[in-house]
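*Asks:* Dock chain B with the ligands against chain A, hints included.
2 protein chains.
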Amino acid sequence: MGRKIQFTDVTLRDAHQSLFATRMRTKDMVDIAPVIDKAGFWSVECWGGATFDVCLRFLKEDPWERLRTLRKLMPNSRLQMLLRGQNLVGYRHYPDDVVKAFVRKAAENGIDVFRVFDALNDLRNVEVAVETAKEMGKIVEGALSYTISPVHTEDLYIELALEFKEMGADIIAIKDMAGLLSPERAYSLVKAIKEEVGLPVHIHTHCTSGLAEMAQLKAAEAGADIFDVAISPMASDTSHPAVETMLYAFAEFGFEANLDRKALRKMAQHFKEVRKKYKKFDIDFKGVDAAVLEHQIPGGMISNLINQLKEQGALDKLEEVLEEVPRVREDLGYPPLVTPTSQIVGTQAVLNVLAGERYKMITQETKNYVKGLYGRPPAPIKEEIIKKVLGDEEPITCRPADLLEPELDKRREEIKDLARSEEDVLSYCLFPKVAREFFEWREKVEKGEIPPLTDEEFFGVEEEEKRCPQPL
Amino acid sequence: MGRKIQFTDVTLRDAHQSLFATRMRTKDMVDIAPVIDKAGFWSVECWGGATFDVCLRFLKEDPWERLRTLRKLMPNSRLQMLLRGQNLVGYRHYPDDVVKAFVRKAAENGIDVFRVFDALNDLRNVEVAVETAKEMGKIVEGALSYTISPVHTEDLYIELALEFKEMGADIIAIKDMAGLLSPERAYSLVKAIKEEVGLPVHIHTHCTSGLAEMAQLKAAEAGADIFDVAISPMASDTSHPAVETMLYAFAEFGFEANLDRKALRKMAQHFKEVRKKYKKFDIDFKGVDAAVLEHQIPGGMISNLINQLKEQGALDKLEEVLEEVPRVREDLGYPPLVTPTSQIVGTQAVLNVLAGERYKMITQETKNYVKGLYGRPPAPIKEEIIKKVLGDEEPITCRPADLLEPELDKRREEIKDLARSEEDVLSYCLFPKVAREFFEWREKVEKGEIPPLTDEEFFGVEEEEKRCPQPL
Ligand SMILES: [Co+2]
Ligand SMILES: [Co+2]
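So the protein sequences, as listed, match chains A and B.
Here the first sequence stands for residues 321 to 792, where the numbers follow our numbering.
Here the second sequence stands for residues 321 to 792, where the numbers follow our numbering.
Quick caveat, the hints were computed from the structure, so don't treat them as lab data.
Wrong hints could be hidden among the right ones.
Copies of the same chain look alike in the list, so a pair counts if it works inside one copy or between any two.
Claimed, not checked - In silico BS3-like cross-links for lysine-lysine, where the CA-CA straight-line distance does not exceed 30 Å:
| # | residue 1 | residue 2 |
| --- | --- | --- |
| 1 | LYS586 | LYS637 |
| 2 | LYS630 | LYS599 |
| 3 | LYS600 | LYS630 |
| 4 | LYS324 | LYS511 |
What you are looking at is a predicted structure, and each value in this text was computed from that prediction instead of being measured.
With the rest of the complex left out, here is chain A (with noise of 0.2 Å):
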């Protein structure tokens, strides 16, 4: 066939993620980062997503430190951010000012590619976020979050695209963060988008569930343009398809990639390494997660549940809840379930099954997002379940962050000279109490009043020494 396809490393940012709690440091990056720099990818995915959170949290980094060093170490590629619309890399709608800010300063510290997305497929919500990206001359991926539910019909998402279309997108990514996206699915609805829209398909799928490879094989015959892939010690699982897999895979059938082998192996020995430094944060995954193929429920938000009802003592309702799961979707109109609304849908069915009672018990994320401060639900809230949470109370029908006051030159004032740049008023906007620590940390650290975080601090004490204490 011959045909070109392109491939997104993403070891950089969503691999680490999905298998050791987002904790890659910045100096495990430097080293590898000129080789995948010449390895031949579309682009590098390396900011963004939760690793934001994850430096100014966990690593004591500065994340725009971080998008400057790595843009210096990578001059040939493009670099690209997962960015959760209104949300931003946080876990709340941010008023427009911090939204426009916080894309203008991403692109002017070194990213060249958007993908942005809403949880719920509300658009208003990823609307500032698409053209602001675009003033600055931007790529912006339209990002469609994949989930399975009567309403989300082939139909829906080819709105979805054109809508992102229309908002200026360059191309649409098909996100499937749970891995249910089927090769059957990825096969018509790509054939479908690239028929109708007419935008280039870039298609973003996990492990999980063991259907990835298959999903993209079948996308690629359906003409899809540009694969997620990780370097293969860091993928499958609940990462994504290797790239030397899909490399290989692709190539017998005549989609051409021209990546360089020599830098996937010198990727390969040194992620190999990464990951055995970082065994003390790496999930415990082993075999294949078929749960979710058969209630649509990820196995992460399985996890939550049954920590959620251990804490009640209550496990042996586990199949009541997992029942109720569904049913609460379809009462909420059928969200997909990523965070935040995996968590909503999942507490409020464990309420419902304890109480004995459904939506006696009403969590105040239920009720935000029965008032539409989350978005708007994919199909239309029941009346009764409207009735039941709000009470008298109207629903919003407005977009969310028309709601909300601007906040940068408020937070500016507050932060005061702890911030010594915008983009650290802006950590502090998205994370106030998280950024002003790291900043506190940071000044003491320089004063030499504290050592800097060693390594030791960070992977922990060794196992053998903290079980085996000497005898004094």
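*Replies:* Showing chain B with the ligands alone in chain A's frame:
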């Protein structure tokens, strides 16, 4: 499409052989066997391969007893075994009287499907086994050892498959032990076999390099009939595609299999716990092994090379050795790299590098191989290598087992009353030292002179206890 396909569950044989050193004990099979029996698999692979040896050697179990137990617990299922042709379930060629008696007893004790292969695809080494199984009225799968080389063309495989058919094989299995079968190759090879041989095709792949699910999918599209899978917690990595994953992916394309989902759920629950139990033996495998796609050297073989070089303090020669392996393989007529040829080729490559001159040092195994004692290589061995290795000696041209004296009667006399059955005599023929030790151990346990093997002994003392000796 609506085409009917079938699955073979290999959880009880190849999955634990690939994931935790074949250590699963019969007691972890008995509770779930009736559930597997009802799940609707075309067959259940549960015997042969390394399980026979490991039962006697490490589990202190009689492998024949296991077979009879499973036979009783799975009355509705075809029980399948893996048979290494003239090697049976051992590591050398056995004389024909032993092969015939072994296959008869396996059939009598419960095997319905014999998958027979030879490491070199020298089908003279499978003849006696295939004929005997057919005489016993059993189903025979002729298994092609899949590898990649200039002589391993589609035509060669077709020829082998036709030879198997003539011998009486009912099904052709493609046995990809190293995870080398790409989706494109799978498609075209299956298509060719279906068209030119006309027997059902059974696909056996390993997930090691990340290709397996894609290979199965394209094999299905090409018309393959039966697929080897493992239950999800025992799937992926060096094991096989998960049954739940393939069932889900296939169903949407109209490839239908009547499997009982409730039974699969129960199996998944059971084997999730079983896998945890055998943690001590679990393979340390993270991500994807892409090296095999680069040099066609299986991961296990590279580990062996590294160990050999470490012992010689010559780990710095690894790259040279990895380059020498394909040359030695070419010299020796492109044997598939599987036991025992992977060891022969690997060790000879190490010697060629360390001696500073190729074939200056030669192992006894290389000599035996060149002499023809393992069978006929896929391509002729190079003339100059034959001369260098054998000197004035001539290679044999007959079937290797033609040179072997009958053994059964001799062994029966040797082992006397320690063997309580003809099955015991066969165990002794295959593994004289290990079987004798097992028989002696069994007698002592029955007489109460020593205690039976406890879980503590089998799994070893807990790490903590071992590591922290109490102060005296
Ligand atoms: Co992801
Ligand atoms: Co196998």
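*Asks:* Hints numbered earlier in the text: which of these fail when held up against the supplied structure?
*Replies:* Hint check: nothing fails, all pass.
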